[in-house]
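J.: Sequence:
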Amino acid sequence: MMLKDKEKFTISHIFALIMAIIMTASMALTFVIIYILLRFSFDPITGALTSSSFIALLCIAVGTIISSYVSSKMLRPILKINDAAKKVAMGDFSVRLEEKSIAKEVKQIAENFNIMVKELSNTETLRNDFVNNVSHEFKTPLSAIEGYATLLQDESLSREEEQKYINYILDNTERLAKLTQNILSLSRLDNQEIVLQKENFPLDEQIRRVLLSYESKWEEKNLTIDLNLESIIFYGNPSLLAQVWSNIIENAIKFSNNNGVLNIDCFTNNDRVFITIKDNGIGMDDEVRRHAFDKFYQGERSHHVNGNGLGLALVKRIVELCEGTVSIESKKGIGTTALISFPKQ
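Each residue of the sequence shown is one higher than the one before, starting from 1 at the first, in UniProt numbering.
Since the hints were derived computationally from the structure, they do not count as laboratory data. Check before you lean on any hint, since a few could be wrong.
[Unchecked claim] Derived DSBU-like pairs: lysine-lysine, alpha-carbon spacing no greater than 35 Å straight-line: (1) Lys344 <-> Lys278; (2) Lys217 <-> Lys254; (3) Lys164 <-> Lys178.
[Said to hold, decoys possible] Beta-carbon label-pair distances, calculated as ranges: (4) Thr150 <-> Val88: 45 to 51 Å; (5) Asn259 <-> Ile115: 37 to 43 Å; (6) Ser143 <-> Asn112: 42 to 48 Å; (7) Ala177 <-> Thr150: 19 to 25 Å; (8) Asn82 <-> Glu174: 50 to 56 Å; (9) Asp171 <-> Arg272: 35 to 41 Å; (10) Ala85 <-> Glu174: 45 to 51 Å; (11) Lys217 <-> Gln197: 25 to 31 Å; (12) Asp171 <-> Glu320: 27 to 33 Å; (13) Pro202 <-> Ile115: 44 to 50 Å; (14) Lys87 <-> Ile166: 51 to 57 Å; (15) Ser143 <-> Ser231: 46 to 52 Å.
From the three backbone atoms N, C-alpha and C, an ideal C-beta is built for every residue, glycine too.
Please build the complete structure, drawing on both the sequences and the hints.
T.: Structure follows, in structure tokens:
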């Protein structure tokens, strides 16, 4: 027969019941021993307790007190762990257990419990930030599309105004499409541990093709392109690595000043392949640079550039999957350099 939830025993209840039975039996046995000692341990002449009987009774009393104290000390941390686990189950990740105990195992449980709750708290924070950021990034272009679509309903608009609003709608539609693609790509890569579909391909030629795809943008800023690409045959996934160069080159062009210089180097040294992409644009301060690879982080909002803060997070994940490293060196007002390296296959 199944018990209702309110009738079920918890582990702490069962443990308390066992301890109560043991203590009751121990006390009963103690009383029996005391009775026997009191009955047979009196001196027949003087009628007083013998010294050995007195010591035995004292030991029994002290042993009972000690056993009761130790039992309560053993039960108390288990009850605290149980209460803390209930709070965590209800969403309270601020609870912590005292990591001091006479029992090594209980101490380890408390330490591991605190580590687990801390990780759960960090995960919950990241999840909330992710949801909030995604909501914000989707809401902004959707609101713009709705606003310009409403304006287009005005029949008195000139042809130039209509075209301007249509262009705004198309720009925000493209922004939504790119955001969706980046989120799906990042979600897929976060759950991927190995890189599939590897093949040999010319790395220098791939970087050159990606750069040419942004020709209209760097020509618009009148950038000087300085290429130093060593001929390298690389073994990897061409599609994934193309996303790396695309995101970094797009950022370099986006944050470059007009009439600036864009340097791209690709070379080998010992057993590694190095790629550096350098601009002399607006640069970053230390705070922005530290968070550059964080999801949805945008440190240069004041410059009104399009972006969703996922490009560099995607870059980092791809490079890590390819067993490489990526870092950024930057100074405010001077420029930014992205450094990527891979083991030579």
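J.: For each hint, tell me whether it holds in the structure or not.
T.: Structure-based check of each hint:
Pair hint lysine 344 plus lysine 278 holds up; C-alpha atoms about 22 Å apart against a cutoff of 35 Å. Between the alpha carbons of lysine 217 and lysine 254 the distance comes to roughly 8 Å, so the proposed pair stays at or under 35 Å and holds. For the given pair, lysine 164 sits about 21 Å from lysine 178 by alpha-carbon distance, which is consistent with the 35 Å threshold. For the hinted restraint 45 to 51 Å between threonine 150 and valine 88, the CB-CB distance of approximately 48 Å keeps it satisfied.
In this structure, asparagine 259 and isoleucine 115 break the distance hint of 37 to 43 Å, their C-beta atoms being roughly 53 Å apart. The given range of 42 to 48 Å is respected by serine 143 and asparagine 112, whose C-beta atoms sit roughly 46 Å from each other. For the hinted restraint 19 to 25 Å between alanine 177 and threonine 150, the CB-CB distance of approximately 21 Å keeps it satisfied. One distance hint, 50 to 56 Å for the beta-carbon pair asparagine 82 and glutamate 174, holds here, with the actual separation near 54 Å.
At about 40 Å, the beta-carbon gap between aspartate 171 and arginine 272 stays in the expected band of 35 to 41 Å. Under the hint 45 to 51 Å, the C-beta atoms of alanine 85 and glutamate 174, about 48 Å apart, fit the expected range. Checked against the hint of 25 to 31 Å, the C-beta distance between lysine 217 and glutamine 197 comes to roughly 29 Å, which is consistent with it. For aspartate 171 paired with glutamate 320, a C-beta distance near 32 Å keeps the hint of 27 to 33 Å intact.
Between proline 202 and isoleucine 115 the C-beta distance comes to about 47 Å, which sits within the given range of 44 to 50 Å. Between lysine 87 and isoleucine 166 the beta carbons are some 55 Å apart, a value that agrees with the proposed interval 51 to 57 Å. With their beta carbons about 49 Å apart, serine 143 and serine 231 fall inside the hinted range of 46 to 52 Å.
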